[in-house]
Amino acid sequence: MKLELGYILIKDIQFSDVSKVENGTLYVNKEEVKALILEDQNFKAADVELAKPGESVRIMPVKDVIEPRVKVEGPGGIFPGMINKVETVGSGKTNVLKGAAVVTTGKIVGFQEGIIDMTGTGAEYTPFSTLNNLVLICEPIDSLKQHEHEKALRFAGYKVALYLGALAKNLTPDEVEVFETPNLVEGIKMYPDLPRVAYVFMLQSQGLMHDTYVYGVDAKQSLTTMIYPTEVMDGAIVSGNCVSACDKNTTYHHLNNPIIHDLFAEHGKTLNFVGVIITNENVYLADKERSSNWSAKLAGFLGVDGVIVSEEGFGNPDTDLIMNCKKIEAKGIKTVLVTDEYAGRDGTSQSLADADVSANAVVSAGNANEVIELPPMDKIIGHVEVTDVIAGGFDGSLHKDGSITAELQVITGATNEMGFNKLSAR
Amino acid sequence: MIITNNDWVLNKYKDIYNIVYINGTFKDVLIAVRDKLHIGHELLTHPLGSSVKPSETPFKSVMITDKKNNTSIDSIYMIENAIITYDKFNKDKLLSISDKVIEDLKLIDLTVLQSALNI
Amino acid sequence: MLKIVHYINQFFANIGGEEMAHIPAEVREGIVGPGLAFKQAFKDEAEIVATIVCGDSYFNENIDEAKTSIIEMVKKYNPDLFIAGPAFNAGRYGVACGTIAKAVKDELNIPVLTGMYVENPGADMFKNNIYIVSTKNSAAGMRDAVKKMAPLALKLGKGEKIGASSEEGYLPNGIRVNFFEKERGSKRAVKMLLAKLNDKEFQTEFPMPDFDRVEPNPAIKDITKAKIALVTSGGIVPKGNPDHIESSSASKYGKYDIDGVIDLTEETYETAHGGYDPVYANLDPDRVLPVDIMREFEKEGKIGSLHRYFYTTVGNGTAVKSAKGFAEKYAKELVADGVDAVILTST
Numbered sequence: 067m068k069l070e071l072g073y074i075l076i077k078d079i080q081f082s083d084v085s086k087v088e089n090g091t092l093y094v095n096k097e098e099v100k101a102l103i104l105e106d107q108n109f110k111a112a113d114v115e116l117a118k119p120g121e122s123v124r125i126m127p128v129k130d131v132i133e134p135r136v137k138v139e140g141p142g143g144i145f146p147g148m149i150n151k152v153e154t155v156g157s158g159k160t161n162v163l164k165g166a167a168v169v170t171t172g173k174i175v176g177f178q179e180g181i182i183d184m185t186g187t188g189a190e191y192t193p194f195s196t197l198n199n200l201v202l203i204c205e206p207i208d209s210l211k212q213h214e215h216e217k218a219l220r221f222a223g224y225k226v227a228l229y230l231g232a233l234a235k236n237l238t239p240d241e242v243e244v245f246e247t248p249n250l251v252e253g254i255k256m257y258p259d260l261p262r263v264a265y266v267f268m269l270q271s272q273g274l275m276h277d278t279y280v281y282g283v284d285a286k287q288s289l290t291t292m293i294y295p296t297e298v299m300d301g302a303i304v305s306g307n308c309v310s311a312c313d314k315n316t317t318y319h320h321l322n323n324p325i326i327h328d329l330f331a332e333h334g335k336t337l338n339f340v341g342v343i344i345t346n347e348n349v350y351l352a353d354k355e356r357s358s359n360w361s362a363k364l365a366g367f368l369g370v371d372g373v374i375v376s377e378e379g380f381g382n383p384d385t386d387l388i389m390n391c392k393k394i395e396a397k398g399i400k401t402v403l404v405t406d407e408y409a410g411r412d413g414t415s416q417s418l419a420d421a422d423v424s425a426n427a428v429v430s431a432g433n434a435n436e437v438i439e440l441p442p443m444d445k446i447i448g449h450v451e452v453t454d455v456i457a458g459g460f461d462g463s464l465h466k467d468g469s470i471t472a473e474l475q476v477i478t479g480a481t482n483e484m485g486f487n488k489l490s491a492r
Numbered sequence: 310m311i312i313t314n315n316d317w318v319l320n321k322y323k324d325i326y327n328i329v330y331i332n333g334t335f336k337d338v339l340i341a342v343r344d345k346l347h348i349g350h351e352l353l354t355h356p357l358g359s360s361v362k363p364s365e366t367p368f369k370s371v372m373i374t375d376k377k378n379n380t381s382i383d384s385i386y387m388i389e390n391a392i393i394t395y396d397k398f399n400k401d402k403l404l405s406i407s408d409k410v411i412e413d414l415k416l417i418d419l420t421v422l423q424s425a426l427n428i
Numbered sequence: 002m003l004k005i006v007h008y009i010n011q012f013f014a015n016i017g018g019e020e021m022a023h024i025p026a027e028v029r030e031g032i033v034g035p036g037l038a039f040k041q042a043f044k045d046e047a048e049i050v051a052t053i054v055c056g057d058s059y060f061n062e063n064i065d066e067a068k069t070s071i072i073e074m075v076k077k078y079n080p081d082l083f084i085a086g087p088a089f090n091a092g093r094y095g096v097a098c099g100t101i102a103k104a105v106k107d108e109l110n111i112p113v114l115t116g117m118y119v120e121n122p123g124a125d126m127f128k129n130n131i132y133i134v135s136t137k138n139s140a141a142g143m144r145d146a147v148k149k150m151a152p153l154a155l156k157l158g159k160g161e162k163i164g165a166s167s168e169e170g171y172l173p174n175g176i177r178v179n180f181f182e183k184e185r186g187s188k189r190a191v192k193m194l195l196a197k198l199n200d201k202e203f204q205t206e207f208p209m210p211d212f213d214r215v216e217p218n219p220a221i222k223d224i225t226k227a228k229i230a231l232v233t234s235g236g237i238v239p240k241g242n243p244d245h246i247e248s249s250s251a252s253k254y255g256k257y258d259i260d261g262v263i264d265l266t267e268e269t270y271e272t273a274h275g276g277y278d279p280v281y282a283n284l285d286p287d288r289v290l291p292v293d294i295m296r297e298f299e300k301e302g303k304i305g306s307l308h309r310y311f312y313t314t315v316g317n318g319t320a321v322k323s324a325k326g327f328a329e330k331y332a333k334e335l336v337a338d339g340v341d342a343v344i345l346t347s348t
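Residue numbers (the numbering used here), protein chains in the order written: chain A, 67 to 492; chain B, 310 to 428; chain C, 2 to 348.
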């Protein structure tokens with residue numbers, strides 16, 4: 067399967083009468099976006115704001131971050147099974163508004179984490195401070211239940227991202243990258259001497275606010291399965307995970323999965339990137355056993371020499387991570403794990419809730435409990451009234467001048483376990 | 310058997326499942342689970358049910374087997390690690406949460422448990 | 002300019018080798034030996050105001066005296082920082098550097114730094130207490146050691162934030178510290194996998210905690226016939242601790258006869274353990290070593306018999322290696338004595 071990604075580089079975002087992309091600037095008609103959100107009768111009001119790199123802006127509480135993309139050629143559309151039809155995506159051409167993102171905010175439940183600072187210390191920890199963000203603030207109708215609220219917000223994000231993505235459909239990309247995965251037989255013939263590598267991609271699937279969807283299916287209801295890496299780039303996997311801001315995979319992370327990109331970078335040179343095994347992180351222990359049995363079985367079936375396993379979330383998924391590692395290593399397949407740590411504020415506690423000797427190659431995305439100081443911002447976008455709860459309520463404290471002392475875990479994407487960032491710990 | 314300190318779980322399932330209601334903290338639930346594991350019950354759900362951290366919620370529901378077998382070392386190992394993990398989070402702020410938030414947290418705990426029950 | 006006091010042994014002070022290792026601590030104004038390399042590295046930012054020289058044998062055989070006198074010497078100069086070594090792979094020198102640096106830090110409350118080879122016994126003993134820069138295994142690595150130690154010394158002296166072990170070059174000390182790597186995590190994961198696949202050396206970024214899981218033996222067939230021994234790391238010893246088992250980092254274990262003893266009392270037994278509140282163990286040592294219950298079971302025929310001896314040590318900070326060594330010895334005795342099962346109690 068072959069996909070060509072065309073990047074249209076976005077350097078600025080502005081409101082305008084007409085939505086369009088011109089000379090690297092994304093112009094957005096605010097009213098059209100609002101109207102799009104309010105198509106959903108679960109929302110009674112909506113607002114849209116801009117947040118650009120370097121501005122003294124704090125966005126909170128962040129639910130999801132989504133990159134605008136559009137299918138230019140090939141079957142299906144972005145976010146199949148969610149917005150577009152359940153067509154197999156991942157081939158043809160897709161255009162990307164690189165440098166732009168849609169950020170959804172919302173207080174689905176009374177406690178919420180998820181901060182994006184566009185400048186200062188916090189900005190160094192979140193990758194989204196470097197993007198030109200269109201922030202959606204959606205007010206639900208009074209009686210809306212948490213489940214429906216989460217879903218409505220998720221869909222508002224997708225719709226607006228697709229609306230912006232569509233602006234890129236007929237543009238000529240500034241840069242093009244091609245990704246291709248041959249079938250198993252061709253792959254072996256093409257690279258007979260290279261080690262065969264797969265990626266075991268763990269998806270959060272624990273229930274309300276902890277879900278991930280694959281072609282529209284709730285991952286917790288799926289057995290471990292396989293997917294082409296390019297399908298992921300077309301939005302086959304989306305995030306409904308609103309918990310654990312620092313190490314959840316936003317939809318942006320899924321679209322830009324760095325492990326997939328970095329394996330492709332070595333594909334055909336030092337390794338043969340065979341494909342992606344997606345597996346879930348359920349609450350029921352028998353599910354964990356079953357899913358990890360299947361990851362190991364599929365890795366064995368593919369005849370790979372090595373895998374990279376990425377985790378999503380905290381605590382309970384550590385058990386899935388270690389089960390995957392143990393069972394895959396037991397098949398003689400070498401593993402590298404990517405995780406983050408909860409080593410306590412002083413860094414002296416045991417980092418993971420589970421461990422095993424076979425996990426001898428681990429990449430750390432940093433200690434999420436480490437305390438940082440966030441300076442006050444001139445402007446807060448999102449739901450200002452929850453500032454106190456989010457920042458002061460649990461893992462941090464809000465000071466009178468608007469500065470925040472908090473654990474790193476409140477920052478969206480700070481310790482992402484796909485290895486999206488440079489942050490680490492020793 | 311469900312060990313819980315969440316009255317929503319108690320009220321919803323008391324007629325269907327064997328429920329041990331703990332009038333206490335998240336940690337009290339973990340300790341009660343540990344004591345059951347020591348006499349031969351086995352864990353069915355992970356004691357750190359979700360990515361909502363122990364610093365963020367006072368509610369916890371854990372499912373274990375009704376039947377007693379030989380003590381499961383894996384279960385003991387998991388609950389001990391869960392207790393260690395619980396202890397390392399700073400829980401000062403849990404005291405000041407509002408009623409609305411308490412309801413939300415009870416709901417999350419309930420739905421996480423449901424996700425295990427429905428399969 | 003920061004003021005530094007430097008500690009070295011007789012060898013690096015150019016006094017002599019093993020034959021001069023007995024010399025007691027003495028202080029000299031200014032720089033001696035490796036201090037020169039430090040001086041060059043510090044430029045104008047720090048100055049070694051005094052050097053303390055002490056023989057390795059003297060230090061290790063007269064620890065309390067040596068510590069007291071050296072601390073007095075250091076105090077006089079009121080330095081901003083104390084550096085010991087580097088000791089490379091010299092075992093007694095490494096232990097001396099670690100011991101004195103920790104003592105200076107604890108008692109004078111000034112930052113300290115030493116350096117040694119990772120396999121120096123002093124490294125394992127002190128890496129969680131003080132910053133120990135990882136050096137090569139011989140004095141030929143002096144340049145490299147100073148290059149790593151000097152910048153960290155300046156940071157410590159100035160009270161600046163210390164980065165992660167991999168950035169600063171000190172041995173991992175059990176405290177996880179965040180820092181920004183040069184490459185993103187996914188790239189590092191791919192590189193690590195390639196190294197692992199090609200059997201090349203790689204370093205995990207998060208070493209798993211050490212486990213030594215022991216597979217349980219098959220169950221005793223008939224417990225009512227079994228001879229059972231009690232073994233504890235809870236430090237229960239006859240009153241007065243006749244073998245002087247240390248309250249922490251125990252170097253030995255004790256074997257005591259309990260023939261005819263049916264109950265451990267406050268008058269006859271106590272705990273040597275320094276790692277927990279001993280009040281309840283001392284009031285009734287059966288709480289840690291349940292001789293009373295075992296005697297009851299013996300009488301009721303629930304077990305065959307209680308072994309005549311119990312084995313005891315203190316598990317407080319005792320190295321796993323030492324503990325394994327103890328067990329290897331007494332396990333043989335237990336087998337030879339026909340013991341069928343052991344109850345191990347901890348605290």
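Just so you know, these hints were derived from the structure itself, not from any lab. Check before you lean on any hint, since a few could be wrong.
List time: in silico SDA-like cross-link candidates among lysine to any residue, alpha-carbon distance up to 20 Å [to be verified]:
(1) A:96 x A:112
(2) B:415 x A:257
(3) C:103 x C:74
(4) A:211 x B:317
(5) C:197 x A:371
(6) B:409 x A:209
(7) A:363 x A:206
(8) C:76 x C:111
(9) B:400 x A:471
(10) B:321 x B:427
(11) C:197 x A:112
(12) B:409 x A:206
(13) C:156 x C:138
(14) A:118 x A:78
(15) A:110 x A:209
(16) C:103 x C:145
(17) A:96 x A:259
(18) C:192 x A:257
(19) A:397 x C:111
(20) B:409 x A:208
(21) C:201 x A:249
(22) C:188 x C:176
(23) A:397 x C:196
(24) C:240 x C:169
(25) A:211 x B:415
(26) B:377 x C:197
(27) B:409 x B:317
Results of checking the hints against the structure:
1. With a C-alpha separation of about 10 Å, the suggested pairing of residue 96 of chain A with residue 112 of chain A holds against the 20 Å cut-off.
2. In summary, the hint linking residue 415 of chain B to residue 257 of chain A is not supported, as the alpha carbons are separated by about 54 Å, beyond the 20 Å threshold.
3. Restraint check: the Cα-Cα separation between residue 103 of chain C and residue 74 of chain C comes to about 15 Å, which is no more than 20 Å; the hinted pair holds.
4. Distance hint between residue 211 of chain A and residue 317 of chain B is fulfilled; the C-alpha atoms sit about 16 Å from each other, no more than 20 Å.
5. Our distance criterion of 20 Å between C-alpha atoms is met by residue 197 of chain C and residue 371 of chain A, whose separation comes to about 10 Å.
6. Between residue 409 of chain B and residue 209 of chain A the alpha-carbon distance is near 14 Å, which keeps this suggested pair within the 20 Å criterion.
7. As the CA atoms of residue 363 of chain A and residue 206 of chain A are separated by approximately 44 Å, the hinted pair breaks the 20 Å bound.
8. Among the hinted pairs, residue 76 of chain C with residue 111 of chain C is consistent with the structure: their alpha-carbon atoms are about 10 Å apart, no more than 20 Å.
9. For the hint linking residue 400 of chain B to residue 471 of chain A, the alpha-carbon distance of about 15 Å falls within 20 Å, and the restraint holds.
10. Restraint check for residue 321 of chain B and residue 427 of chain B: the C-alpha separation of about 14 Å stays at or below 20 Å, so the hint holds.
11. Between residue 197 of chain C and residue 112 of chain A, the direct Cα distance comes to roughly 51 Å. Violation of the 20 Å bound is thereby established for this hinted pair.
12. For the hint linking residue 409 of chain B to residue 206 of chain A, the alpha-carbon distance of about 16 Å falls within 20 Å, and the restraint holds.
13. Distance restraint check for residue 156 of chain C and residue 138 of chain C: the Cα-Cα separation of roughly 25 Å exceeds the 20 Å cut-off, and the hinted pair is therefore not satisfied.
14. Between the alpha carbons of residue 118 of chain A and residue 78 of chain A the distance comes to roughly 7 Å, so the proposed pair stays at or under 20 Å and holds.
15. At roughly 11 Å between alpha-carbon atoms, residue 110 of chain A and residue 209 of chain A fall within 20 Å of each other, so this suggested pair holds.
16. For the suggested pair residue 103 of chain C and residue 145 of chain C, the alpha carbons sit about 23 Å apart, so the restraint of at most 20 Å is broken.
17. The hinted pair formed by residue 96 of chain A and residue 259 of chain A fails the criterion: a straight-line CA distance of about 54 Å is larger than 20 Å.
18. At roughly 19 Å between alpha-carbon atoms, residue 192 of chain C and residue 257 of chain A fall within 20 Å of each other, so this suggested pair holds.
19. Restraint check for residue 397 of chain A and residue 111 of chain C: the C-alpha separation of about 52 Å exceeds 20 Å, so the hint is violated.
20. For the hint linking residue 409 of chain B to residue 208 of chain A, the alpha-carbon distance of about 14 Å falls within 20 Å, and the restraint holds.
21. Taking the CA atoms of residue 201 of chain C and residue 249 of chain A, the gap is near 29 Å; set against the 20 Å cutoff, the hint is violated.
22. Of the supplied pair hints, the one linking residue 188 of chain C and residue 176 of chain C is violated, its CA atoms being roughly 25 Å apart against a limit of 20 Å.
23. Of the pairs offered as hints, the one joining residue 397 of chain A and residue 196 of chain C holds, with about 19 Å between alpha carbons and a cut-off of 20 Å not exceeded.
24. Restraint check for residue 240 of chain C and residue 169 of chain C: the C-alpha separation of about 48 Å exceeds 20 Å, so the hint is violated.
25. Under the criterion of a C-alpha separation no larger than 20 Å, the hint pairing residue 211 of chain A with residue 415 of chain B is consistent with the structure, at around 14 Å.
26. Distance hint between residue 377 of chain B and residue 197 of chain C is unfulfilled; the C-alpha atoms sit about 43 Å from each other, more than 20 Å.
27. About 14 Å separates the Cα atoms of residue 409 of chain B and residue 317 of chain B, which keeps this hinted pair within 20 Å; it holds.
In the structure shown, a violation is registered for the earlier hints numbered 2, 7, 11, 13, 16, 17, 19, 21, 22, 24, 26, in ascending order.
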